[in-house]
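Number of protein chains: 2
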Amino acid sequence: MNISSNPSAFAPLQNDSFIRACLRQATDHTPIWLMRQAGRYLPEYRASRAKAGSFMGLATNTDYATEVTLQPIDRYPLDAAILFSDILTVPDAMGLGLSFALGEGPKFAHAVRDEAAVAKLAVPDMDKLRYVFDAVTSIRKALNGRVPLIGFSGSPWTLACYMVEGAGSDDYRLVKTMLYSRPDLMHRILEINADAVALYLNTQIEAGAQAVMIFDSWGGVLADGAFQEFSLAYTTRVLGQLKTEHKGVRIPSIVFTKGGGLWLEEMGALKCDVLGLDWTVNLARARALVGGSKALQGNIDPNVLFAEPAQIEAEVAKALRSFGAPHTGPGTGPTHIFNLGHGISQHTPSEHVASLVQAVHEHSRRMRA
Amino acid sequence: MNISSNPSAFAPLQNDSFIRACLRQATDHTPIWLMRQAGRYLPEYRASRAKAGSFMGLATNTDYATEVTLQPIDRYPLDAAILFSDILTVPDAMGLGLSFALGEGPKFAHAVRDEAAVAKLAVPDMDKLRYVFDAVTSIRKALNGRVPLIGFSGSPWTLACYMVEGAGSDDYRLVKTMLYSRPDLMHRILEINADAVALYLNTQIEAGAQAVMIFDSWGGVLADGAFQEFSLAYTTRVLGQLKTEHKGVRIPSIVFTKGGGLWLEEMGALKCDVLGLDWTVNLARARALVGGSKALQGNIDPNVLFAEPAQIEAEVAKALRSFGAPHTGPGTGPTHIFNLGHGISQHTPSEHVASLVQAVHEHSRRMRA
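Residue numbers (this note's numbering), protein chains in the order written: chain A, 29 to 397; chain B, 29 to 397.
Keep in mind that the hints were calculated from the coordinates and are not lab data. Watch out, some of these pointers could steer you wrong.
Claimed, not checked - Here are some, though not all, of the chain A residues that point toward chain B, as calculated from beta-carbon distances under 10 Å:
(1) R201
(2) G248
(3) L250
(4) G288
(5) R313
(6) A335
None of the values given here were measured: they were computed from a predicted structure. We treat Cβ as the ideally placed atom computed from N, Cα and C, and that holds for glycine.
With the rest of the complex left out, here is chain A:
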């Protein structure tokens, strides 16, 4: 599709610490952003959502999406913004009919459970996702160069989980039944998803995204062997088609497999810049395994934010120490981007987030001094 924005018209980036750390370049502090940082723990987000009426009401409206994306940036000195959207926009654009029942999470009206439904699937017209790209451009303009904007998508496998289950699941019975009994159908879904995700992310990049992240939220529920065949192979397929630069500027890519710590070494071979880690992973061990080629992003338990500031600071110090001395000086070397190991909880006290961000910035500056 024809993306209306002219990225060269965007304001120059003032805080490039996140992008530099993605590219394993030295920074004067460890950059931090939080998964789901524009979310219900913020009173101003709850107010916007009340106005919009629903989650998708926020996500599909350029002004609202811009407003909520900037809310955490206005409140905290975070080092990156992330597009306000959902990981399931792509299957919605395929015609599966996404909705969010109150307090129930996402649901698809048309789950993909048989050969006929699979045969109907195709890479969607990106025009159906124009609301996402418009939001990207609008947010990028509104950020005015303060911090970079991250675009994202669910991974092919994670999208497939929702497409087959039709909703969240606690046992993944339907999608795994298809995987084990009709692997041919599962591969077909994943091929289409991979090509759709690559196109979707590339179009976000054209619209103004300065980095992109693939959320393999459900990769960790797969068996060893199945993960490599049904998740990793299709993340690889996405990355193979992904732009690594746009108008001469490098666009870093991040892959985050929740529960994927056991496969870190294999993920080290992915053609991406950053690997996201959940809280089960030891940062020192991860650095030893893959830090020679990948920046690492993560990884404290979001529940740490329910403790008092002194304890939050202690956990921050522990994580920074576990990663160890960051790369300094010219060239590239091991770098760390601070984050939670999963999305922030809606119950998080918002003032604890201020303590977290401050602790990461201060402690990581001291480590470099």
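Let chain A serve as the given structure and place chain B on it in line with the hints.
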């Protein structure tokens, strides 16, 4: 407490393949049993449960508990039986008031959320758990030596999760908030739990259990570092107090941390005989890491059982090949006990379980031929 049974009066064991494999001794086939093998996927179980009226109605009645424990043994040539009970009997005996709301999982009437509630906790009088020990003795007699009987408990950490949350949870917010903000309280709960679990398992052994298993079902939700401090340390405390033999007979112990694959090497130092593995763990890698001192139990995805028999057989062959050549001949060496990586689903077609058991027995015999 005074256990009424006289274990020496029990019939001699006819099929000792499970016990031998636990002790890393050669067997002519790979033994198999299934977590939650006495469960809702069996029509005869559903009939017993309807008679008993509830899950706890089954578990607290010696005759019912015996009846349902033997149902899968009568139907399939499984190599071990496991006591029909719940992992939460110990906190129930502590006075927390366990109940099972229909279709909702376990609930405690009195959750442990503050200093006062923690101060009230104590190792319960084992007399309150007499229904469990009576069931163990009754089942052991009814088995009449066909296969060994496994006793079990939840791990100290897993019990603490339910005790603090008061029910199942998807984010463990309450228990982790206590862990991060009041680690002193959490350690106190875990000390009591560990001593209670050790006493509970030892009393099961006196009542007739021929092996014991610690289900650390929620160990995998902990952060690296927190797992070692709040789960592994207390599993170690249990094992330190556990009988390793009874009346001159070795009683093997099994530790299963769901989602604990990243900590396998550290778990290799536990004073237990067997480590349980979920489906995310590569068996060959696990054997290389800890197979020199531990038998391995697991680990196919329970969802494999929704595929057709030919595909089930292929997954069985894959798992057995991944473990590799089992120990044969005298002395000890690497051994494998086949199991699922988690409890069997209530939706499993019961005839597929027959295919699974047959495939494990036949293929593993061929591997030794």
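Do the hints match the structure? See the list:
The interface hint given for A:R201 is met, as the beta carbon of that residue sits about 6 Å from the closest beta carbon of chain B, less than 10 Å. With a cut of 10 Å, the hint placing A:G248 at the interface with chain B holds, because the nearest CB-to-CB distance is about 7 Å. Annotation: interface hint on A:L250 holds; nearest CB of chain B at approximately 7 Å, less than 10 Å. Restraint check, A:G288 versus chain B: the minimum CB separation of about 9 Å is within 10 Å; hint holds.
Checking A:R313 against chain B: minimum C-beta separation of about 8 Å stays under 10 Å; hint holds. Annotation: A:A335 was flagged as interfacial toward chain B, and the flag holds, the nearest CB pair being 4 Å apart, inside 10 Å.
Consistency note: the structure conflicts with none of the earlier hints.
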